[in-house]
Structures are given as C-alpha cells and as structure tokens.
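Student: Chain by chain, the residues:
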Amino acid sequence: MEIKNVHEITININDQPYTIGVQAHHTLLDVLRDQLDITGPKECCGVGECGACTVLLDGQAVNACLILAVEVDGSEIITIEGLGGSVHLSPLQQAFIDAGAVQCGFCTPGMIMAAQYLLNTYPEPTKEEVRVALSGNLCRCTGYDRIIDAVLSVSRQQKERVK
Amino acid sequence: MNSFNYYQPKNIEDLFDLQECSADNYRLLAGGTDLLVRLKSGSITPEAIIDIKRIPSLNSGISIEADKVTFGALTLMATLESDEFLEENYPALTEAVHNIGSVQIRNRATIAGNLCNASPAADSAPALLIYDASVVCVSRKGERTLPLQEFIKGPGKTALVSNEIVKQIVMPLPSQNQAGAFSRLTRRKGVDLATINLCCQVNQTGKARFALGAVGPVPFIVEENEGLLLSTDISSEVKKSIISKLMEKATPISDVRASKEYRQAMLTVLGWRAFNTAIERLQNKI
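So the protein lines, in turn, are chains R and X. Numbering of the first sequence is given in our numbering, commencing with residue -10 and proceeding in unit increments. Numbering of the second sequence is given in our numbering, commencing with residue 23 and proceeding in unit increments.
Source of the hints: derived by calculation from the structure; they are not laboratory data. Among the hints, a few may not be true.
To be verified - Just so you have them, the derived chain R footprint on chain X, three or more residues with Cβ under 8 angstroms:
#	region
1	55 to 63
2	71 to 83
3	108 to 116
4	152 to 166
Claimed, not checked - Estimated spans, in silico, between C-beta atoms of each pair:
#	chain 1	residue 1	chain 2	residue 2	range
5	R	89	X	228	52 to 60 angstroms
6	R	63	X	179	52 to 60 angstroms
7	X	42	R	110	38 to 46 angstroms
8	X	307	R	94	48 to 56 angstroms
9	R	94	X	245	50 to 58 angstroms
Remember, it's a predicted structure, so these values are computed and weren't measured experimentally. Think of the CB as a built atom: it goes at the ideal place given N, C-alpha and C, for glycine as much as any other residue.
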C-alpha cells in the first residue's frame, strides 16, 4: 500500500487558529514542539506515565504524547503558554513560584495544566483530591508538598474572591 | 514511530470498507493510550491506522433501561467514573475505573479499548465480570453478543474475528440483594498496572463471588456457593481460610511487579478487604 501521510488540520491553540499539514505518525506533542515551536509541553517518558506533556484538549487534561496530531483536527488546545507568560502570570503560575513548587522546572508546565484542569472542574478540592488529580504527573525534585500547597492556595484565593 | 496511512471513517459502513481493503494490516484507534505506546516502541507496525472515534454508532454513551445499562464502545473511562447511576448501582465498576491510569489517561481511554487490549491486568474486567457484562460485537455479517468471560481469550487475545469490532457493553441491572466492591494492589497509586485487581460480590442468597485480575492469563471468577462466607456462625479466621482456598485457583506468575508467591499471599488479603466492603454495602441496603 502506498503511504500518504500528510494531513491538513485546523486547530485552535491558545486562542490562535492554525491550519497546518501534519504527518500521520506525528503526535500532538511533536507538532506543538517541533513544528509550531510551542515548547511549554515537555516530552519526558513518551508513554503517558509522567504527565510532563499535559495540555487541555477541548477542556480535558490529556497527555499530548499519546495523541496523534491528525486526531485533533477541529479541536481547541490550551498549553501552559495559554495560561499566562512572563508579563502576566496566571494565579497558578504565580502560586507555584510563591510556594517554591518549582525546582528543576521540567514537570512544571504539565503539573500546572493538570492542576488547572482540576480547578476548572473542582474549584475547591481537598488536599487528597489534589493528590489524586496530580497522580499522573511525576516530579523528581520537590517531593510534591509545595506543589500541593500551591494548588490549594489558588483554590483558597479564588474562594475569597467569590465572596 | 513508523509511518502509516491514517483514516477516519464517519460511519460503520465506511469502517467495514476500510477494514476489507486494509487486508488485516491495520489497527483500530480509539483512545490510543495503549496503541500509541505500542506504535512508538515498534512492537506493532501497521500500514494503516483507522481512527474510529467519529463513528456515531460506537459512541452511544451510557443508556439506562429498566433491566440493563448499555454503554457505547467509545465511552471514556472518565465518563464511566463520574456517572452517578453507575456509582450507585455498580460501585465496584466505578472504583475500578477510578484506578485506571491517571486523570489524563481516563480522559482519553475507552472501555472497549481496555477490553480489546485484553491485558490480564485490565482494571475494568473484574468489575464487569461480577456484574455479568456482555460484549456486543458487530461486523458486516451482523451482531453477536458474548459474555465477557468468552470475549477475553488470553493475554492480548479476544474472541473478535477478522474485521469484527466491539459496538457496546451491556450489563444487566444488578439485583437489590447483592453488593460488590473492588480492591487493588499496586506499587504506586497512579499510572501503574495492577499487581492484583479483584472484585467481590456477595449475595443475600448466600453466594459470594470473586473476579480476579492479573493472577492468570485472563481475568476469571471463583465462587463460594454454600453460604459459608455469608454465615454469621463462622469466625473471621475460618472465612479467611475459605477465601484463601478459593484463591488457590489463581495461577499468578512472577514479574517485575511481584513474585507469584507474594501475589498468591496477597490475594487472600485483598479478597478479605473487598469481601468486608461488599458485606458492609449489603448490610446498608437491608
């Protein structure tokens, strides 16, 4: 069989529309990083165990390393770049800095995206719920406590703001 | 990853056409959480990937009828995990699904994918077994329904024939006089295959059943039908030894997760735990 593997897809990434040709065997993570230079999502294990590549796909936290780019035609994707940048940090990004939840930083983009998904779906999680929600994200530096503190602090801030 | 052709049929007829012209050198893509890992490692090198996610008849969601619950092949683990009707009526399934992979995996992985992958450690399988699930398979020739025990044939092997796919999973509504619970042993809580997974179902009529995963080539059921486990006259110690005896039907192997001796010993511990949770749930119903 003749292999024809370039497909045109239209996707919205961090509120920017893109129409691009992608190879059938390239993952969403490959395309984000190598084709579009959106390098916030990281490749680490490549098999869905570490969560460093976590992005929001149509609002759902997923591992970008386990999805073909061609599968997401028509979807909306949010990466860490879509939450905020060096000029304007998102509440979670700022909380990670304030809590000392970033050490080497490699897990941080995926960790923050998984945490953002949790806060979008459960705005007031318990400590245990934060732990469960982040159990698909590995961090080899921090020992997790400061990450969990950071997520809980944003939950508390948001609660205060609602009042 | 090797190169391949990618197809995205929009209905089941187009899928059958594609299957026929791909001459068995294809793989179906649903959630992809197992498939992509195998494509990346090179353990499979299909010429065609057929993405079935946009086929409406495989995506029928969860439908509740008077005597059964049906879910479409593509129902996500996250959808099953958060369904309140399932949690109330099939708690062991909710618990099992909650333990699969991670949030990210459950947002993508499908129930049919978990069953078709036919891992001996598939977490959904023991729960579906105790709830007497069947698998509706469909091909150009029509539909057939198989009990789950007959569907899973061996590690990575199912009863699906060439160009046949899973359409739905069906579970009868469990009777009010039974209760189930799930229990699992892993090295770490998230993103690890089960060292053991099991479900226990107890019935007021005296029957106790255990569905065991990761301790044999396929998940399977062992039963105690004499009412000994549900008897109030028998001590906990004797009940534990009855469970231990039942667990001798398991044939665990030693692997990276645990030795076979450890698995065999832990079967009784996990069985006892799930049994007690199930009994507690049964008592709460009465």
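Student: Now look at each hint and say whether the structure bears it out.
Tutor: Quick rundown of the hints versus the structure:
| no. | hint | verdict |
| --- | --- | --- |
| 1 | 55 to 63 | holds (count 5) |
| 2 | 71 to 83 | holds (count 3) |
| 3 | 108 to 116 | violated (count 0) |
| 4 | 152 to 166 | violated (count 0) |
| 5 | 89/R to 228/X: 52 to 60 angstroms | 58 angstroms, holds |
| 6 | 63/R to 179/X: 52 to 60 angstroms | 35 angstroms, violated |
| 7 | 42/X to 110/R: 38 to 46 angstroms | 42 angstroms, holds |
| 8 | 307/X to 94/R: 48 to 56 angstroms | 51 angstroms, holds |
| 9 | 94/R to 245/X: 50 to 58 angstroms | 53 angstroms, holds |
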